[in-house]
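Chemist: Sequence:
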Amino acid sequence: MDIREEKHINTALQVSSFRTALRGFERLVEHVAAQKRDERAGVFAPKEDAVVYDKFYKMVQELFGPEVKSQDVKCFYRKLCNNPDASIDWCEIFGYFSSEEDSLINQMDEENLVFLVSRKQRVVISGSRRRDVIKCIVKIPQLDLLITASQKGMITVFNSQDTSWITGCDYLSQLKRIVATTERTIIVWDYKAQGSSQENYFVIKPMDHCLLCVCVVSLPDQLCRDDILLGDDGGFVSKFTVNSEDFGLKQAKSKKRLQNQVLDSKNFKSVKRKLHNDWVMKIRYISALHCFGSCSLDNVHSLVLESLKRIEDNLPVREFSMPRGANTFCYCIKANVIVTGGDDKVLRLWHPNISTKPVGKLVGHMFSITEIVTNEKEQHVISLSSAKVFRVWDIQTLSLLQVFHDSQGGPGDMQIYSMIFDSNHRVLITGSSVMDMYPLTRMIQDTKQVPHTHEREINVMLYNKYFHQVLTICSESIIKVWELETGLQIYQILDPHGFNVELTAAAIDESGFIFATGAYNGTVKIWDFGSGQELKVLPEGKDWKEEEHWLHRLIFLKAQEKHQYLLLSLERNGKIKMIQGKEDDIYLAVIWELPDVVPVLQSGNRIVHLRVSTKERSMAIPFPDVELIVEKNFSQRVGNPAVSIEVNCIDLLQTEGYNLIAAGTLNGVIILWNFVTSTVKEVYRPEDCFTVDPDLDPKRFRINDILFLFRNPECVRRSSQDSVCSSSQCDSSKGPQSSKGSKQSIHESELKGEQTDVAVREQQPVDKKPPGGTNETDAQPPPILVTAHEDGHLRLWTMEGRLLKDILPFTKHAAISLTSLFTDSCTRILLTGNTEGHVILCNISSFLESPHDEKKFKQLLAWRAHSLEIVQIIYVEEKQVVLTASIDGSVRLWHALNGHYCGYFGQRRTFELSQTSDFILPCDVTEYPIEIKEESKFTEKKLTYEYPLVFDRQRWQKMSSMSLLFKRTPPKAFEVEHDFKFFKSLSSPKIRKHALEGFMTENREAGIVFGSLPIYRVPSPTSLRFLPLIGSEAQRESSDGIHGKKKGSHVQHEKVQRRRSLKRNLVPQVNLASSFFPAIPK
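With the first letter of the sequence shown counted as 1, position 664 gets the number 663 in numbering that gives the first Met the number 0; the numbers rise by one all the way through.
A few of these clues could be false.
Unchecked claim - Distance windows between CB atoms, simulated:
#1 F498 x N711: 24 to 30 Å
#2 Q221 x Q491: 34 to 40 Å
#3 K581 x F809: 47 to 53 Å
#4 T355 x S824: 58 to 64 Å
#5 E482 x D542: 24 to 30 Å
#6 D312 x I139: 29 to 35 Å
#7 T485 x G511: 17 to 23 Å
#8 L985 x E799: 55 to 61 Å
Stated by the list, open to error - In silico DSS-like links for lysine-lysine, alpha-carbon gap of 27 Å or less:
#9 K175 x K54
#10 K265 x K175
#11 K983 x K811
No wet-lab data here; the hints were simulated from the structure. Computed from a predicted structure; not experimentally measured. Cβ atoms here follow ideal geometry from the backbone N, Cα and C, with glycine treated the same way.
Let the hints inform the model, and build the full structure from the sequences given.
Modeler: Structure follows, in structure tokens:
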């Protein structure tokens, strides 16, 4: 008794403690949700109070214990961050989900690896008889037709239809007819003929045995003739030849003649041979091998593979033997194997010329195998058992990829009689009492898994344009190299800088043969890109403090000598250094450092001159040794320690006439080092950037990335050549007028550039210098600086500090901090990513041309690529794709022209970079791409607005009810009936029209402008006192529809809500007589 009481007390204590933990968990979730809502509104909590994932995970573990899995907590936290207002259930933290949809999204569903079982489509054939089943399905790729034959005589052609038991069907490619077999007859049907379907077929009979299967021999050299292969229950294989003359197909069209004729089978040319000792289950003609194959339940003669000539003679044939025979077989062209399956539940792979022993076996089915088909492109074999269980196998590796089953239907509907794979539409089609279609998974994200390239967040992503490979580094310091076209991993390097040393920066050399990595402890290593072998190293200094030399950015410089490596590095403390590697030395060395100019600029000097050192170096370097020239009476101000003034991002421009380094600081100052003029200049400084306001975010001025926009002479020649073309062909350079044109402009401009570049080389092989001795740099526009800011703005500057463009990129949410910038080689497009995972694509091709018209800066697309922050973004020109890396641990691939998802690095299936018609999103993204449309040229002119209609007394007097009756015409489906005398009398105002005109585009404040005027249907009034009364609710609804109307410049893929009818709202509350009818003077 004491033991029971003790157990009862322990259980009560556990329940009470768990309830306490649940209350604490609910408070934690409410706190995090409120924090995320505030962040979206632009209010950021202090760093020590913010609940990030690591802190959230620790707090959950404190509440529920260490048994909580990190993967479940991560999925829960991501869902909470993505939608703070969504309903949350506490059981999700343990991996249990209240709805099937959540469990599919957050759990790994192995059933959807290859085919999307969840998106299965079912087609019920209309007119089919009760308990009828589909016995045969045939796909005709040339005509994109699907033919099905049911057991009780229903033949269906999908996209036509016609209705003894049918055992098989096929398509006569030469006669353009459908052939079907019953137990004792052959039916040839003209499915395209007009009239009753019963009048358009021929019946060939009698046959000696019961026909079980049929196929057509497709020989391209045959004209107006088809050979039909038949298999029967006696083990015979017959070849039947049919000609167009046999069916009177060449008769004149004027002679009408019924075609439901019965033809004698003895009048047709036919040969047969007994090849099996049991039923012939399947017969197929294999064009690639120029032979036919037939399988049977016979143990000895299970599969016969021979040419058509062997049917006519008695020579030996190739026979494949297997226990209990074969129910079905198929041939894979690429792998050159025949796959057989039968009642022994084993799939066997045979070489066509080796019949003694199979080359491989696939074991796994628990029931008899009834159908086998192949997917040639992916090299898959799909097998089906009598229990409606599907198995997908990889032919090359002989591995099982997916198992799924058809769970619908009762015990009497267990059998699936036929199955094919449609390679055109990439679907698996099965026939039973209904027809089911399983679409092929094009992306691995359809498994409802969150994409993962690395287990931890991505720190660096680089693209090697020479090898077409992508390098990724995570915070766990794992380097992975991927193939861009396929997405397959080539190699990886674990702990490259030592155990538990995080890599924070990397760069690829211009040649693409080497890459460099930098860590948080200041160490730098250079690697061979092809093999991943370490070449040189900058070791950690003995007197270095922890994280003192944290590397933030690495850039390869052009070395003027062979076998010499030069790196420009930016440390987190704001120091810019140059690192050198010599051929005969394994160690790297810091040989140059840029002096700290921020304190000098802070004192008020906008331009500081540099003193170039006259000391000669043994090796030439791109930047000279410089010192700041500071006045003697300069006294350095003591800055506020709470304000961070360190350099946060850099970019360099080294070309003919320019040797520049641009830097952006944490407090928003833009600094430009010009080594040609030996000056350093403060391009821009925000107001109050050196003061601290406790009410404002201290990071509000921070510059997250900076980039030079400059076209080299070759790109300038391309753009000038493009300007010669006609205006219709040059819309891409002038700014597209529609979203469709804008998306195509990226590709078209690049193609034009390649063609014109070739043309320039052909036309001017000798003229290397422009006529007149002018330099090319004089004709090309000067460089422009673009900065990505913490406040979400994108700003473009001249070298003098003049602001050219300040744009807040359009996304679904409010201003979001920008994190990364990227442009193509000829500076035609600009890409940026933000902390919410959005990608913004802009067209800057025409904007860069002087005089930098800000209207030519066009945003084309915006789409959400990740649910968390994007750390890097890359545009691959030759493939027209965008790469995005995020702290969610995934690197994803997107089509640049429309923002469609391609996949992620690390998925099991290879990429399909070709444009697909299907639009799919990653499972953690729910927002559709936003397409920014351009206004028409005509909208820029002065617009004449439509004003509210007023009552016209003259029109009222001219009209009568009788004239309206005679003039009435039946209204069209999309028109509103305007058959009332009062509404016919409404017209535009004729007085003071000039006072209401607007002179600015879309300026509603200039006059009384309505987007639309609601039309009310009222009965014809007998007098003015009996006008209809319209309720206030209807008025409010119509006014909301007017003021809530969005501009057409931002188009989203959302369903438009239908307007409610105003008939229900005719509540007598407001009298509109005084509004519609002005006082009429007597």
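Chemist: Is it true that the C-beta distance of F498 to N711 lies inside 24 to 30 Å, as the hint says?
Modeler: Given range 24 to 30 Å: violated, Cβ gap about 44 Å.
Chemist: Taking 17 to 23 Å as the stated bounds, is the beta-carbon spacing between T485 and G511 within them?
Modeler: holds, 19 Å
Chemist: Within 27 Å, alpha carbon to alpha carbon, are K983 and K811?
Modeler: Violated. K983 to K811 sits at ~43 Å, over the 27 Å cutoff.
Chemist: Between the beta carbons of E482 and D542, is the distance compatible with 24 to 30 Å?
Modeler: Given range 24 to 30 Å: violated, Cβ gap about 43 Å.
Chemist: Need the status of pair K265, K175: alpha-carbon distance at most 27 Å?
Modeler: holds, 23 Å
Chemist: Below or equal to 27 Å on CA atoms is what counts here, so check K175 against K54.
Modeler: Roughly 70 Å separates the two Cα atoms, so the pair is violated.
Chemist: 29 to 35 Å was suggested as the range; check whether the CB atoms of D312 and I139 agree with it.
Modeler: Given a distance of about 32 Å, which is inside 29 to 35 Å, the answer is holds.
Chemist: Look at the Cβ atoms of K581 and F809 and judge whether their distance stays inside 47 to 53 Å.
Modeler: holds, 50 Å
Chemist: Does the Cβ distance between Q221 and Q491 fall inside 34 to 40 Å?
Modeler: Once the Cβ atoms are compared, 56 Å apart, the range 34 to 40 Å for Q491 and Q221 is violated.
Chemist: For L985 and E799, compare the CB-CB distance with the range 55 to 61 Å and indicate the outcome.
Modeler: holds, 58 Å
Chemist: Do the Cβ positions of T355 and S824 conform to the proposed distance bound of 58 to 64 Å?
Modeler: Between T355 and S824, where Cβ atoms are some 59 Å apart, the hint holds.
Checked against the numbered hints above, the structure breaks hints 1, 2, 5, 9, 11 and satisfies the rest.
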